[in-house]
Amino acid sequence: MRIAANLSMLFTERPLFQRPAAAAIAGFDGAEILFPYDDDPAALRDALLAAGLPLVLHNTPPGDWAAGERGFAAVPGQGDRFRRDIEQALRVAEVLRPDHIHVMTGRASGLQAEETLIENLRWATGQSPQGFTLEPLNPVDQPGYFLADFDLAARVLDAVAAPNLGLQYDVYHAQMITGDALAVWAAHGPRAVHVQVARAPGRSEPQGGPTDWPAVWSALTGFPGWVSAEYTPEGRTEDGLGWLRAVRGGT
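The opening residue of the sequence shown carries number 1 in the working numbering; numbering runs sequentially from there.
I should point out that these hints are in silico values taken from the structure, not numbers from a laboratory.
Be a bit skeptical, because a hint or two may be false.
Using C-beta positions, here's what the derived DEER-type ranges look like [said to hold, decoys possible]:
1) 158 with 236: 19 to 29 angstroms
2) 13 with 95: 18 to 28 angstroms
3) 76 with 239: 38 to 48 angstroms
Just so it is clear, CB atoms sit at the ideal spot from N, CA and C, and this is done for glycine as well.
Let's have the full structure, built from the sequences with the hints guiding it.
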């Protein structure tokens with residue numbers, strides 16, 4: 001199992017460019033980052049290379065996060081903004097070389113939003129062979145976010161039918177949305193190209209809580225993509241990595 005660290009959320013005791021080395025020392029195989037748009041991508045690339053970690057995923061620009069924007073892929077009337085954001089994400093990806101770019105759908109609802117999302121994704125996936133993902137986000141954390149349902153995600157993926165677009169399955173969001181992350185994996189795991197893990201509720205270390213973590217790790221055995229730790233540590237990052245050692249077969 002290839003396990004990556006989300007450097008926007010883990011090892012935040014250090015400056016960003018020091019986090020890849022810390023993640024490598026801690027036993028991670030790769031890294032992901034939420035929004036690599038305010039830092040020098042070449043400097044981030046160099047820090048990752050020095051640590052021996054590939055970047056496996058980053059997100060499209062969300063817009064004004066503080067104002068509540070969460071991307072524009074499903075927002076009717078925002079096609080020009082969406083295309084500019086995809087172009088920006090692809091420029092950064094030329095430097096960082098991630099496996100996938102997570103396309104944020106934004107806050108919207110209804111059939112027009114679904115049609116907008118499908119149209120925009122057909123355009124985006126035709127611009128580059130770059131891999132893209134869609135990720136359902138739970139409505140408690142992201143109220144009004146368009147893609148808040150795994151069945152909807154499956155319908156959109158089928159409609160776009162692009163070989164470079166797949167599902168981003170997050171155990172945390174699956175548990176929050178349905179109450180049964182394993183059932184979601186059983187139904188939608190074959191569509192997944194990227195996985196993220198965190199405890200629900202609380203989005204902390206992937207251990208404990210209502211999720212059957214031994215069953216989750218067993219289900220993910222053999223998954224060919226990356227499994228990324230995307231959570232907020234309860235304390236110092238290194239002090240909460242017992243789950244990683246257990247998955248690796250340590251103590």
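Verification of the hints:
1. 158 with 236: 19 to 29 angstroms: 43 angstroms, violated
2. 13 with 95: 18 to 28 angstroms: 26 angstroms, holds
3. 76 with 239: 38 to 48 angstroms: Since residue 76 and residue 239 have Cβ atoms about 46 angstroms apart, the given range 38 to 48 angstroms holds.
Consistency with the previously given hints fails for number 1 only.
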